[in-house]
Amino acid sequence: MTRSYSCSGFSVLEMCVVLIMVSILAGLSAPDVSQMVHHFEWRMASYRLFSALRFTRLSAVSHHRSAALCALDVHGDWSGGWQVRDAITSHVYQYYPALSAQLILHWKGGFLSRQCVIFDRQGFASGSQGRFVLSSSDQREMDIVVSRGGGVRLSRPPR
Numbered sequence: 238m239t240r241s242y243s244c245s246g247f248s249v250l251e252m253c254v255v256l257i258m259v260s261i262l263a264g265l266s267a268p269d270v271s272q273m274v275h276h277f278e279w280r281m282a283s284y285r286l287f288s289a290l291r292f293t294r295l296s297a298v299s300h301h302r303s304a305a306l307c308a309l310d311v312h313g314d315w316s317g318g319w320q321v322r323d324a325i326t327s328h329v330y331q332y333y334p335a336l337s338a339q340l341i342l343h344w345k346g347g348f349l350s351r352q353c354v355i356f357d358r359q360g361f362a363s364g365s366q367g368r369f370v371l372s373s374s375d376q377r378e379m380d381i382v383v384s385r386g387g388g389v390r391l392s393r394p395p396r
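Take any residue in the sequence shown, note its place counting from 1, add 237, and you have its number in the numbering used here.
Derived from the structure by calculation, the hints contain no laboratory data.
Note that the structure is predicted; figures quoted are calculated from it, not measured.
Backbone N, C-alpha and C fix where the C-beta goes; we use that ideal spot for every residue, glycine too.
Incorrect hints may appear among the rest.
To be verified - Taking lysine to aspartate or glutamate and the EDC-like style, the derived pairs with C-alpha atoms no more than 20 Å apart in a straight line are:
| id | residue 1 | residue 2 |
| --- | --- | --- |
| 1 | LYS345 | ASP314 |
| 2 | LYS345 | ASP310 |
| 3 | LYS345 | ASP380 |
| 4 | LYS345 | GLU378 |
As the list claims (entries may be wrong) - Label-pair restraints from in silico Cβ distances:
| id | residue 1 | residue 2 | range |
| --- | --- | --- | --- |
| 5 | ARG302 | GLY264 | 47 to 57 Å |
| 6 | ARG390 | HIS301 | 19 to 29 Å |
| 7 | ASP380 | MET252 | 32 to 42 Å |
| 8 | ASP269 | ALA335 | 50 to 60 Å |
| 9 | LEU295 | ALA263 | 18 to 28 Å |
| 10 | MET273 | VAL311 | 16 to 26 Å |
| 11 | GLY318 | ASP380 | 17 to 27 Å |
| 12 | VAL370 | LEU262 | 37 to 47 Å |
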């Protein structure tokens, strides 16, 4: 007597068709994913600068000493990263790495320096009101405004 076995499963041809369909769908969705990641980087960079400014002000008030948020680049290129430090002793409280290559951050405003935003021990910013402009390669732009009183706000919320 011979037994008859029935085999169930996928054939090689069926597996190839499924793999081709998955690769086509992945290829079609890749541009949307990269655009979404780029938008996320832009939003996170704005929030990172916002929190760095708030941390600088908090450091000045809590240590009863002037604190400065300074660009790491001596020419005032803020895209290269920044740090929060004591304005007198230059002791670094916090370091922030450079932004991604698609993002540009520059300072427009009336503070005394293009390289640093300084908060005194009462939390007031030195100089007059100014703003950071964060722009991306896909024409997105956001302003982070620093008032003379030390307040920080996002002027155009991310969409």
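For each hint, the structure was consulted:
As the CA atoms of LYS345 and ASP314 are separated by approximately 12 Å, the hinted pair is consistent with the 20 Å bound. The hinted pair formed by LYS345 and ASP310 meets the criterion: a straight-line CA distance of about 16 Å does not exceed 20 Å. Among the hinted pairs, LYS345 with ASP380 is consistent with the structure: their alpha-carbon atoms are about 10 Å apart, no more than 20 Å. For the hint linking LYS345 to GLU378, the alpha-carbon distance of about 13 Å falls within 20 Å, and the restraint holds.
Between ARG302 and GLY264, the C-beta spacing of about 56 Å keeps the proposed range 47 to 57 Å intact. Remark: the range hint 19 to 29 Å for ARG390 to HIS301 is upheld by a beta-carbon distance near 25 Å. At roughly 53 Å, the beta-carbon separation of ASP380 and MET252 lies outside the given 32 to 42 Å, and the hint is violated. The given range of 50 to 60 Å is broken by ASP269 and ALA335, whose C-beta atoms sit roughly 27 Å from each other.
A C-beta distance of roughly 45 Å is found between LEU295 and ALA263, which places it outside the suggested range of 18 to 28 Å. Between MET273 and VAL311 the Cβ separation comes to about 35 Å, which falls outside the hinted range of 16 to 26 Å. At about 20 Å, the beta-carbon gap between GLY318 and ASP380 stays in the expected band of 17 to 27 Å. The beta-carbon spacing between VAL370 and LEU262, approximately 38 Å, falls within the hinted interval of 37 to 47 Å.
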